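Using the sequences and the hints, build the whole thing.
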Amino acid sequence: QKEVEQDPGPLSVPEGAIVSLNCTYSNSAFQYFMWYRQYSRKGPELLMYTYSSGNKEDGRFTAQVDKSSKYISLFIRDSQPSDSATYLCAMKGKLIFGQGTELSVKP
Amino acid sequence: DTAVSQTPKYLVTQMGNDKSIKCEQNLGHDTMYWYKQDSKKFLKIMFSYNNKELIINETVPNRFSPKSPDKAHLNLHINSLELGDSAVYFCASSPQWGSGNTIYFGEGSWLTVV
Chain A
374 QKEVEQDPGP LSVPEGAIVS LNCTYSNSAF QYFMWYRQYS RKGPELLMYT YSSGNKEDGR
434 FTAQVDKSSK YISLFIRDSQ PSDSATYLCA MKGKLIFGQG TELSVKP
Chain B
1022 DTAVSQTPKY LVTQMGNDKS IKCEQNLGHD TMYWYKQDSK KFLKIMFSYN NKELIINETV
1082 PNRFSPKSPD KAHLNLHINS LELGDSAVYF CASSPQWGSG NTIYFGEGSW LTVV
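Protein chains in written order, with the numbering used here: chain A, 374 to 480; chain B, 1022 to 1135.
Keep in mind the hints are simulated off the structure, nothing from the lab. Since the model is a prediction, treat every value here as computed from it, not as a measurement. Check before you lean on any hint, since a few could be wrong.
[As the list claims (entries may be wrong)] Residues of chain A placed beyond 10 Å of chain B at every Cβ, according to the derived structure:
# : residue
1 : A390
2 : L419
3 : P454
4 : Q472
[Said to hold, decoys possible] Think about it this way: if two alpha-carbon atoms lie no more than 25 Å apart in a straight line, the pair counts; the simulated DSS-like pairs of lysine-lysine are:
# : chain 1 : residue 1 : chain 2 : residue 2
5 : A       : K465      : B       : K1062
6 : B       : K1040     : A       : K465
7 : B       : K1073     : A       : K429
By construction, the Cβ of each residue, glycine as well, lies at the ideal position given by its N, Cα and C atoms.
Written out as structure tokens, the structure is:
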């Protein structure tokens, strides 16, 4: 079993939709949870960073962590074509990434 | 100014060749990394250096050899390139070694072995 599982998609949604991206993990020692966004032909960039269970909001983005279920989510409200990218969840200790979900937001 | 820069961005080379990818960060960070991203977008750590000292060396063939001449630079040398080495290699850095630190990535080096 991989330490971090993420549905690779691709996921295609219309502009304005609410997007839900999810990851599960197996190692309960993970304490820090991150979402990275990677545009085509670019390096990943940090989008959201959370430590504790619960929700963290930043503009149109909400990161949710449920440590009891070992499940993290990223919600994007009012999705825009500029949100089209691959979204990778990541966990620390040693930084371990999910496979990434490719998101396409259609105008 | 680019925070983490790596060269070359694209590299096409034949099997059996030796090649190097260079990385520099101007953020003043102590820790640098090499990651490999395969065609399925899996991003996997290869090496990590903290203040020029190797601290992570994942299960990577010994044809791959990182070198850190100073804490702002971490180069990756690959000997006897194989087809399976084709991937995107990302250099990254973080302020310090430790769980709470954000990692900043370079733009990647696309390696194609033919």
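query: Which hints, by number, does the structure contradict?
result: 2, 4, 6, 7
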